[in-house]
Amino acid sequence: MAKELMKGNVAAAEAAIRAGMDFFAGYPITPSTEVLEHLALRMPQENREMIQGENEIASMNMVIGAAACGARAMTASSGPGISLKAEAFSYAARSELPYVCLNVQRWGVGLGRLDSGQSDYMRETKGGGHGDYHHIVYSPSTIQELVDDIYEAWDVSEKYRCGVVVLSEGFLGQMMESVEIPPYKKREKPLGWGIDGSGKIGTRQSPDTDTLVARLRERTALIQSQMQRYENYQVEDAEYVFVAFGLPARVCRDAVDTLRAKGEKAGLIRPRLVWPYPVQAFKEVNPQVKGFISIESNDLGQMVEDVALASRVTSDKRVPVYCYAHSMGTPGVKMVMGKYMEVKNGSMKEVF
Amino acid sequence: MKEIIFAGFGGQGVLTGGLIIAYMAAQKDLNAVWMPAYGPTMRGGKANCVVKFGETVQEKVGSPIMEDADILIAMNEPSLDYLQFCKPDATVFVNSNAVRQDYDYPEGMTVISVDCVHLAQEAENMKGQNLVMAGAVIKKCSLFELEYATAAMCRFFESKGKGKYNDKNIKAIECGYRAVS
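Residue numbers (the UniProt record's numbering), protein chains in the order written: chain H, 1 to 352; chain R, 1 to 181.
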């Protein structure tokens, strides 16, 4: 199929339809609104359900209901809107329900601003609601990856009975890029547990607490070992390695090429999932590496903590970990190269 | 890699103008990215978009943001603020009806003045000033052949249900294309 020039949010919504999404509920918020807009048009054409809920949590609660009945269900929002869904995420985790949540991140705390950002890393990777649970979190860098991730999301979510978050960014949602939209697909095998009205199967038959805890622990460990996804670039001989996901990762890759052309030994780890964190990627890095540099579009640096933990597998010695938190938007190549030189000449202080 | 900034006031068609150039690239199977400036803006306020595309089918677009442009299209004078995001040898296309002639450009840049209003009048398509400019850019920077460019533009408008204006729009692009050498 030929490539089309598509807006990130529209491509994401269409990918969800192609992946067999039966039900969508959400509430509009910039910069994710085109997802709802596209689905409001397309879902009825496909004879599927799309509801604009009265608010965010109601929408997510509807997703819980649909998922409990075995539907492929999804919600989408942006930073502050996702916060409002957090209670429902926790309840979905308790019922081991698969679903997909698309977060088109904006920048900032509170209401934030419409600017693009990566402010929600902590919340998405560490749970976000109350209690112990994780989402599986995809971190696409291109619109094609955004499409491919959503296309796969329910397969993974149903396999592990774990919610999936696709972590987009304002710019990724708003920009257009050449993309190939995959064909329609359906779930291959019946789930075997969705509520069917018989009263014999479904989430009412949930296990006792000990069984549930054991199951959650076992699944979490399984996901952590089976879902190590990353792209390493020029890390084998690197002196300094950038770590970045989403749009900053594209910038860092350009920066690595430019720095290499100038004789600098730069490398890049690009997590394709940010939970589970790709610790494996850090084992492939030159053990003599002089530092990791986390490049993020937020204010305080969030992923840098995971970089510091993962860096322990690279070498027996402690590897210094630096962070450039760009705040809103996406840093440019020159900016990232400047930060590399600051690390190299000692003017940037290490974080860990 | 080509990086183009298309800037002006909201309503001058700068987002559409950039999108059409991106579409022309994408239809050639080149990797193309179109990034609009978005946010709490208003009609008549500043608007811009960045278009980047690979010059071969293999070449990918890395960073999607405005940084090192080969071409700046300025439909008004405030758009010249983006000169700071241009390469030292960039080509700058200015709308001569909205930018003063004695503007002091950085040395090393090539400046092409395009009389968008009169050329659009000639094409009997006053709303096609962005297309006039696109035509001039495509010719001067050898981005695409005229025939290919107009055919791609027509497909673009047809996909939006606006194919009925194709003849007028082709004229606008042609006027711009012929206005530069």
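Any given hint could turn out to be false.
Here are the computed lysine to aspartate or glutamate pairs in the EDC-like style, where the Cα-Cα straight-line distance is at most 20 Å [said to hold, decoys possible]:
#1 H:Lys3 to R:Asp81
#2 H:Lys334 to R:Asp81
#3 R:Lys164 to H:Asp210
#4 H:Lys7 to R:Asp29
#5 R:Lys28 to H:Glu4
#6 R:Lys28 to R:Asp68
#7 R:Lys60 to H:Glu236
#8 H:Lys265 to H:Glu236
Coverage of chain R stretches by chain H, computed from C-beta distances (three or more under 8 Å per stretch; other residues unrestricted) [what the hints assert, rightly or not]:
#9 12 to 25
#10 55 to 65
One side only, chain H facing chain R, incomplete, derived with CB under 8 Å [claimed, not checked]:
#11 Asn47
#12 Glu49
#13 Leu247
#14 Val333
#15 Lys334
Hints listed in this document are in silico derivations from the structure and should not be mistaken for laboratory results.
Since the structure is predicted, the reported quantities are computational estimates derived from the model, not experimental observations.
A virtual CB, placed ideally from N, CA and C, is assigned to each residue, including glycine.
Hints versus structure:
1. Simply put, Lys3 of chain H and Asp81 of chain R have alpha-carbon atoms about 34 Å apart, too far for the 20 Å limit, and the pair is violated.
2. Among the hinted pairs, Lys334 of chain H with Asp81 of chain R is consistent with the structure: their alpha-carbon atoms are about 19 Å apart, no more than 20 Å.
3. Between Lys164 of chain R and Asp210 of chain H the CA atoms are separated by roughly 68 Å; this puts the pair beyond 20 Å, and the hint is violated.
4. For the suggested pair Lys7 of chain H and Asp29 of chain R, the alpha carbons sit about 17 Å apart, so the restraint of at most 20 Å is met.
5. At most 20 Å may separate the alpha-carbon atoms for a hinted pair to count; Lys28 of chain R and Glu4 of chain H meet this at roughly 11 Å.
6. For the suggested pair Lys28 of chain R and Asp68 of chain R, the alpha carbons sit about 23 Å apart, so the restraint of at most 20 Å is broken.
7. In summary, the hint linking Lys60 of chain R to Glu236 of chain H is not supported, as the alpha carbons are separated by about 23 Å, beyond the 20 Å threshold.
8. Restraint check for Lys265 of chain H and Glu236 of chain H: the C-alpha separation of about 10 Å stays at or below 20 Å, so the hint holds.
9. Three residues within the 8 Å Cβ limit are the bar, and the segment 12 to 25 of chain R against chain H gives 3, so the coverage statement holds.
10. Only when three residues or more bring their CB closer than 8 Å to a CB of chain H does the claim for the segment 55 to 65 of chain R stand; here the count is 5, and the claim holds.
11. Among the interface hints, the one on Asn47 of chain H is violated; its C-beta lies about 24 Å from the nearest C-beta in chain R, farther than the 8 Å criterion.
12. Hint on Glu49 of chain H is violated. Least Cβ distance to chain R is approximately 27 Å, over the 8 Å limit.
13. Checking Leu247 of chain H against chain R: minimum C-beta separation of about 7 Å stays under 8 Å; hint holds.
14. Using the Cβ-Cβ criterion of 8 Å, the hint placing Val333 of chain H at the interface with chain R is satisfied: the shortest such distance is roughly 5 Å.
15. The restraint placing Lys334 of chain H at the interface with chain R holds, with a minimum CB-CB distance near 7 Å, inside the 8 Å limit.
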